[in-house]
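Student: Just so it is clear: in the sequence shown, position 55 is 42 by our numbering, and no numbers are missing.
The set of hints was computed from the structure by calculation and includes no laboratory data.
Remember, it's a predicted structure, so these values are computed and weren't measured experimentally.
Think of the CB as a built atom: it goes at the ideal place given N, C-alpha and C, for glycine as much as any other residue.
Fair warning: there could be bad hints in the mix.
[As the list claims (entries may be wrong)] Label pairs and their computed distance ranges (CB to CB):
1. Arg6 with Glu141: 28 to 34 Å
2. Glu18 with Leu144: 19 to 25 Å
3. Asp152 with Ala9: 15 to 21 Å
4. Pro32 with Met(-12): 31 to 37 Å
5. Gln23 with Glu96: 18 to 24 Å
6. Asn64 with Gln21: 20 to 26 Å
7. Glu141 with His74: 17 to 23 Å
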Amino acid sequence: MISWPISEPVLVDKALMLRPWAMEDAPRVYEICQDQAIQDFTTIPVPYTRAIADLWIGTAATSYQARDKIALAGVRNGEVVLSVSIHGIHEFDHVGEVGYWVSQTARGEGLAALSVQMISAFAFGIGFRRLSAITLPENMASQKTLIKAGFEMETVLRDGMTRRDGTQTDAVVFAKFPEIKITD
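Sequences are here, hints too, so could you generate the full structure?
Tutor: Below is the structure:
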């Protein structure tokens, strides 16, 4: 069983804080989500408007309370630089899917992998038994991030994703499991 905390988590590392989204973050989310790479490699709506940012942030707490999603803002030096989430949660099966995006200014610093490690540790700590992540085949940066965060590539689903232009493409599936500690 997943022991779902009442409040959204705040997770802290020396380089990054993951915290619940606040409405004050909407302008920054809107700005970051104008980036072509984020639009190409994630499922955010395109065009991404300020109203969409407001709606997305406004529903984050409700989605958490409904046990549908854990969505956190990644903050470095007081500025939102990334988003990390667990969505597609199936509580009975103890599984969820990790997703993330990183601002252009914070890429290449290992913050995405760190955020995935942090949210994964939280999820396994409350009872998740498997986390997955899905990438487009050409999104090598995301695949490297997942491997750095302790995920393993499991399979390629032929025609498992639909591109924005309506064509099918393969989906590369990664997974991570909690570390099992054996005691005598």
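Student: Checked against the structure, which of the hints given earlier come out wrong?
Tutor: 2, 3
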